[in-house]
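*Asks:* Starting from the known structure of chain A, fit chain B onto it as the hints suggest.
Protein chains in written order, with full-length UniProt numbering: chain A, 1 to 754; chain B, 1 to 167.
Keep in mind that the hints were calculated from the coordinates and are not lab data.
Small disclaimer: the values here were computed from a predicted structure and weren't measured.
Just so you know, not all the hints are guaranteed correct.
[Claimed, not checked] As a list, the in silico EDC-like pairs of lysine to aspartate or glutamate whose alpha-carbon atoms are at most 16 Å apart: (1) A:LYS213 to B:GLU92; (2) A:LYS697 to A:ASP649; (3) A:LYS746 to A:GLU625; (4) A:LYS697 to B:ASP120; (5) A:LYS697 to B:GLU92.
[As the list claims (entries may be wrong)] Just so you have them, the derived chain B footprint on chain A, three or more residues with Cβ under 8 Å: (6) 349-355; (7) 654-660; (8) 681-690; (9) 696-710.
For every residue, glycine included, the Cβ atom is placed at its ideal position computed from N, Cα and C.
So you can see what is in the structure, the chains are spelled out below.
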Amino acid sequence: MKHVSVPDVSRRSVLFGTGSLVLAFSLRPAFAQTTVQGSEAQNFQQVEQAAPDLPGSLKTNPQLDSWIRIDADGSATVFTGKSELGQGIKTAVLQIAAEELKVPFASLKLIGPDTSLSPNEGYTAGSHSVQDSGTAIRHAAAQVREILIAQAAGRFNVAADSLKAEGGAVIAPDGRRATYGELVSAELIQVQAQPTSKLTPTEAFTVMGKPQKRIDIPGKVTGAPAYVQDMRPDGMVHGRVVRPPSPGARLRGVDASSVEGMPGVLKVVQDGSFLGVLAEKEWVAIKAMRTLSPLAQWDESPTLPGMDDLPRKLMALPQEDGIVTDDRKVVSATATHEATFTKPYQMHGSIGPSCALAVLNDGVTTVWTHTQGVYPDQKAISQMLRMPIEQVRVIHAEGSGCYGHNAADDAAADAALLAQALPGRPVRLQWMREQEHAWEPYSPGMVTKVRASTDANGNVVDWTYEVWSNSHNSRPGPAGNLLPARHIANGFQPEPAKLQITPEGNGDRNSNPLYAFPSRHVVWHFLKEAPLRVSALRGLGAYMNVFTIENTMDDLAAAAKADPVEYRLRHLQDERARDVVTKAAEMFGWKAGQTAPQNHGYGFAFARYKNLAAYCAVAMEVKVEPETGRVRILRVSSAADAGEIVNPDGIANQVQGGIVQSASWTLYEGVTFNDTRITSVDWSTYPIMRFDALPPKIDVEVIPRPGTPFLGAGECSQGPGGSALANAITNAIGRRIFDLPLSREKIRQAAGQV
Amino acid sequence: MVALTVNGQSHQIEADPDTPLLYVLRDELHLHGAKYGCGLGQCGSCTVMVDGQAVFSCVTPVLLLEGREITTVEGLGTIESPGPMQQAFIEEQAAQCGYCIPGMMMRAQALLQRNPGASDEEIVAHMEPNLCRCGTHMRILAAIKRAGGLMQMAAGGSTTDTAKRAG
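Next up, chain A with everything else stripped away, as it sits in the complex:
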């Protein structure tokens, strides 16, 4: 990636290579209209639905050639608006396209998110990539294949249903053959998708449903430029930003003359409280940043709540109640169980600090970023730069895993701002470790309270649940959701979050248990003020809500003198839920009445992500050292149901990763701060999972569901993973801990009290 050319920004003028018979990329009509109208109020977080009857993201991008292009040479290109975040989406959508188009997997090309080229699929979030983009590509590919077959039928003068598509060609029973390149013409697939498609049945799959090696791994393990961090266009310079010492700080003044005079330094950029440096070399930029930092004078103010009594402070914030479900009935109960759980603020903690590349050429700013949403970023950055949206182009380039809304968009905005100071020179901007830790938007601190009433058999007859949480979404779209846009002179303020109760949920995600409780009442106490900057971390509220439900189910099972797995099954009517629970228990060798060896514990948990995506159950064995509070995970069995399977190994990788990541949240993680500054600013003050707490393997079985819709699986194991771990620890030490994280100190104390 030595040379990075900046292609023409106009969508309509983009021509794809040479020899293409599909000359122009047709813009989705509905989206084109909203752009032309230039509606500033248009909320990009909810992409316009042009054709609500169509499957997946065809709803918003109904043209077939938004997704699939066939060139005159027969080569096929797939377009997706979903970003590769390490979840393997590139490989999965290519499997889907290869299966339905009937072309070899390795022959396909892929264009990822780019505001000039790709469909607008909003954000890559919420385990929607295969559900939305995969579904759209599957139907588009199947419809393109059928169009080509119909074309061949005309040419061969035979019935279409006598033809078959194979290896990028249509073949007649008498052996006549026409390649896709021979059949395609300019307008042929410039058509709107139909609501139904002739999909390949599961039993005929040759690419989907089979483990497929990821296309990006060989490059990543051999040092090929794979990330935005590795881009190195000619003329590139390096930028660094001096961040304020605390969230409430404003820049009073800075004498930057000594830094401007440093050899290799090109410029110091100051705009309000936004302060940055540009240098020819990266190490010089870092040294300049470090020299500049103490020269800046800041007015700090105590805007943070401090750590003391944090849950009470959260519960005291101004709030508005959202009723998630109200299905209260008169029931007869013999006992009531109450518990309150708390979760600290936690961070995404990407291993690679956020990075972006931006260049200003001929009035157009082009930004390469590992964002989850190129179109929302285009809107936010153009607003921040006070430029027409057409003068900003945003292109996705892979970064380190983000796990939600981390600092990716902020780094993109930093780079865009710095690029304005040096037109024509590509600016590479990377955050420092302490900046990533201190400034990324965190997962909100939360409090949950459950009151479960049970009958004489110990079964739940009423479930009353409250969750206190900020919104878990402050993504860009509005410029005020970009960090540097808040710091520049005449800057932008974040838009206040609004309470919305939706099927997918937010802070209330998974707060309504899937268990068949006869009476229930679930409330989200939506906290309107956010003392710390917060946004989406993988799973949003689901991790904490599932944690509360699944910890409580174990305590209720214990009170009922029931086995935790059997107790869950008694309350589960959904057959697919029962199947993952039964499968995980069977894989683990779970037995009612089992007793773990001394200091060992067994734990189990289940959830269906968002109550509408993938099902997942996890069984775990841990060993706890009571003297130190140290926990080791010894054995994990997990069963998942993600509907129709695209890449079974990809799902297994996501489930395993989610279990490990949520184990890390559960055991170790909490952002720390005083009343002014964030104090967890590196890996020693914010420790995460290491190898020695983990087992050599995590078994995952994916239950096949042929012919059913895709169910997002990227976040399905975080809830059950963390909960199974907590239940196993409780089983080992005989006491439950209600305040996350389950730190060594808390475990040691709890174990000592038995």
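*Replies:* Using the frame of chain A, we list chain B on its own:
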């Protein structure tokens, strides 16, 4: 001017002597395998080998490295002909985002070069400094185990296909 030997090649580098090796590798030699993660020696994503030892390149100034043998992930093989460690990571699909992986591979390489038959416990203890956030740990351990096997087969002169690839 600093004289460095990287992946068997000598280079004269125009860099301040206090420049950490990481920036010279990435910005001067365009070797992108080693990654910036923390700049503090806390995460291991910048790990390379110096004289066979795993080293944090983000905190090692180039001035200490003259006359020493530096190996990066690019020195283990190519995309066309991956070395045993790379082959093993591909076969085990041991990556999610992959950002930490070259550092993991170089730390593991330092161990397996000394002892390709390292036990599970030795591997876990040796890998302790390196962080992964995607939760790919179990696949990384499996890949290291597999790499050790491939190295042993290659050293034993086995003629199986896998060993040939590994060689």
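*Asks:* None of the hints should be skipped; say for each whether it holds.
*Replies:* So, going through the hints one by one against the coordinates:
Annotation: proposed proximity of LYS213 (chain A) to GLU92 (chain B) holds, straight-line Cα distance about 9 Å (limit 16 Å). In summary, the hint linking LYS697 (chain A) to ASP649 (chain A) is supported, as the alpha carbons are separated by about 14 Å, within the 16 Å threshold. Restraint check: the Cα-Cα separation between LYS746 (chain A) and GLU625 (chain A) comes to about 12 Å, which is no more than 16 Å; the hinted pair holds. Between the alpha carbons of LYS697 (chain A) and ASP120 (chain B) the distance comes to roughly 12 Å, so the proposed pair stays at or under 16 Å and holds.
At roughly 12 Å between alpha-carbon atoms, LYS697 (chain A) and GLU92 (chain B) fall within 16 Å of each other, so this suggested pair holds. With 5 residues carrying a beta carbon less than 8 Å from a beta carbon of chain B, the region 349-355 of chain A meets the three-residue requirement, and the given coverage holds. Closer than 8 Å: that is the beta-carbon criterion, and the region 654-660 of chain A has 6 residues meeting it against chain B, so the requirement of 3 holds. Interface restraint, the region 681-690 of chain A with chain B: holds (6 residues with C-beta to C-beta distance below 8 Å; minimum three).
For the region 696-710 of chain A, the stated coverage by chain B holds: 3 residues have a C-beta nearer than 8 Å to a C-beta of that chain, and at least 3 were required.
In the structure shown, no violation is registered for any of the earlier numbered hints.
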